[in-house]
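*Asks:* Each residue of the sequence shown is one higher than the one before, starting from 1 at the first, in the UniProt record's numbering.
A couple of the hints might just be wrong.
Said to hold, decoys possible - Label-pair distances were calculated between CB atoms; the ranges are:
#, residue 1, residue 2, range
1, T130, A24, 51 to 57 Å
2, E76, R144, 16 to 22 Å
3, L51, M75, 28 to 34 Å
4, P102, H125, 30 to 36 Å
5, L11, G166, 36 to 42 Å
6, N26, H128, 55 to 61 Å
7, G166, E6, 36 to 42 Å
8, N70, A158, 34 to 40 Å
9, K162, E46, 46 to 52 Å
Calculated from the structure, these hints are not laboratory results.
Bear in mind that the values here come from a model prediction, so they are computed numbers and not experimental data.
All C-beta atoms, glycine included, are put in the ideal place defined by N, C-alpha and C.
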Amino acid sequence: MANYNEIDDILAEEEFVPVVFQKAINGVKIDESTEKGHVEQGSKTELPFWLARELHMRQAVSISVPACFNQKTRMEIQADAACADLRSRCPYFYEFGCKLAPLCDKTIGLLLPYAFRIRYKEILHKAHTTAFATASKFLTHLTREETSLYEAAQSSMAAFKKWRMGGPRLQRASILGRKRKPAE
1 MANYNEIDDI LAEEEFVPVV FQKAINGVKI DESTEKGHVE QGSKTELPFW
51 LARELHMRQA VSISVPACFN QKTRMEIQAD AACADLRSRC PYFYEFGCKL
101 APLCDKTIGL LLPYAFRIRY KEILHKAHTT AFATASKFLT HLTREETSLY
151 EAAQSSMAAF KKWRMGGPRL QRASILGRKR KPAE
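Working from the sequences, and respecting the hints, build out all of it.
*Replies:* Have a look at this one:
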């Protein structure tokens, strides 16, 4: 179920997925090619994930694997996950994959942690060692989730450097300066 307070969650569910209608449906116009508001059984089209999921739950459609999780993407991730341009395939690669896997292809659930583990190490390394000018090309290949991780890693490194360069190392807690009332 989508968390509709989070814009990223809503946008992840807007990704299109290929579907095949398992039933003929009347009173529906999916696109301009459907005649008189009728969809034939076996018709193929692409629908936003939120709609495809609801129709799948009602056994009206079967969901196929979208291009962002196809065999070519899997081969590229297995060859060198750190260099794969996942953003161009799907900006919400991980979140969308988690929602999609139970509905169409359980192996997506294996691909996601594999890709994330490899890319996570690379993201942290680049966030801590790369200058912004060189990092900009790297950032164009990151998904929305990975970009958030990169920014968090840079922020924590900046806070660490600030702490290390100055200011008192230890501060006395204000509660320690107070005296207790004598017990009577």
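*Asks:* With reference to the structure, classify each hint as holding or not holding.
*Replies:* Each hint, compared with the structure:
At roughly 55 Å, the beta-carbon separation of T130 and A24 lies within the given 51 to 57 Å, and the hint holds. Checking the proposed 16 to 22 Å range against E76 and R144 shows it holds: the Cβ atoms sit about 19 Å from each other. Here the CB-CB span from L51 to M75 is close to 30 Å, well matched to the stated 28 to 34 Å. The hinted range of 30 to 36 Å is satisfied by P102 and H125, whose Cβ atoms lie roughly 32 Å apart.
The hinted window of 36 to 42 Å between L11 and G166 holds, with their beta carbons roughly 41 Å apart. Taken as a hint, the range 55 to 61 Å holds for the pair N26 and H128, whose Cβ atoms sit roughly 59 Å apart. The hint said 36 to 42 Å for the Cβ distance between G166 and E6, and at roughly 37 Å that hint holds. For N70 and A158, the Cβ-Cβ distance of about 39 Å falls inside the hinted range of 34 to 40 Å, so the restraint holds.
For the pair K162 and E46, the supplied restraint of 46 to 52 Å holds, since their beta-carbon distance comes to about 48 Å.
Every hint, counting from the list given before, is met by this structure.
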